[in-house]
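> Sequence:
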Amino acid sequence: MANLDIIEREGLIERVVGLQPVISRLLNPIGQHDAVHEIRAGVGLLGAVQINPEILAADPSFGPRLIGQIRERGVLTRLLADGSVQVSPPFIVSDDDLASIAKAIDESLGELGSVRRPRPTLHVNLLPDQTTDEAGGFGSSDERLLADVPPHHGG
Numbered sequence: 032m033a034n035l036d037i038i039e040r041e042g043l044i045e046r047v048v049g050l051q052p053v054i055s056r057l058l059n060p061i062g063q064h065d066a067v068h069e070i071r072a073g074v075g076l077l078g079a080v081q082i083n084p085e086i087l088a089a090d091p092s093f094g095p096r097l098i099g100q101i102r103e104r105g106v107l108t109r110l111l112a113d114g115s116v117q118v119s120p121p122f123i124v125s126d127d128d129l130a131s132i133a134k135a136i137d138e139s140l141g142e143l144g145s146v147r148r149p150r151p152t153l154h155v156n157l158l159p160d161q162t163t164d165e166a167g168g169f170g171s172s173d174e175r176l177l178a179d180v181p182p183h184h185g186g
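Numbers in our numbering are just positions in the sequence shown, counted from 1, shifted up by 31.
In short, the hints are calculated from the structure, not lab data.
Errors might be hidden in some of the hints.
Unchecked claim - If you anchor each label on the Cβ, the simulated ranges turn out as follows:
1) Q117 <-> Q63: 14 to 24 Å
2) A88 <-> L35: 41 to 51 Å
3) E142 <-> I44: 30 to 40 Å
4) M32 <-> V146: 42 to 52 Å
5) V146 <-> D36: 40 to 50 Å
6) G73 <-> K134: 13 to 23 Å
Using N, Cα and C, we set each Cβ at its ideal position, and we do this for glycine too.
Using the sequences plus the hints, can you model the full thing?
See the structure below:
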């Protein structure tokens with residue numbers, strides 16, 4: 032119970048909520064490594080850098096060697112069963128600490144031969160540039176949507 036009192040008194044939950052986007056922003060670029068399958072972050076201060084399963088199958092020592100490299104850079108972590116590097120810093124972590132964690136993982140992957148390659152981005156324009164139909168008969172997208180509602184849907 033004393034732990035919960037400290038968490039509440041020091042506003043650590045609010046602090047973690049504020050750091051969620053920071054950990055995501057710092058870990059996401061690591062996903063450009065060819066040895067990385069997926070980055071998971073965005074729920075509290077939990078994150079993971081999942082290693083490509085093909086790499087782990089071809090070289091079962093890759094994961095433990097990666098953890099060793101990360102620890103040599105002063106970051107304590109572990110390899111999860113799915114081949115992910117666990118990222119779960121304490122609630123009192125600073126932005127600089129999070130940056131150091133991401134840097135240690137990034138450098139360690141490079142040390143083991145992984146190369147960062149920008150991944151293609153998908154750009155999809157889901158909304159049209161204009162809000163009227165070609166003939167100009169509708170004053171807004173809402174009017175157009177309402178006109179398209181079949182009568183049996185309560186339009």
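> Determine for every hint whether it applies to the structure shown.
Verification of the supplied hints:
| no. | hint | result |
| --- | --- | --- |
| 1 | Q117 <-> Q63: 14 to 24 Å | holds (20 Å) |
| 2 | A88 <-> L35: 41 to 51 Å | holds (43 Å) |
| 3 | E142 <-> I44: 30 to 40 Å | holds (36 Å) |
| 4 | M32 <-> V146: 42 to 52 Å | holds (49 Å) |
| 5 | V146 <-> D36: 40 to 50 Å | holds (48 Å) |
| 6 | G73 <-> K134: 13 to 23 Å | holds (20 Å) |
Hint violations for this structure: none, all hints satisfied.
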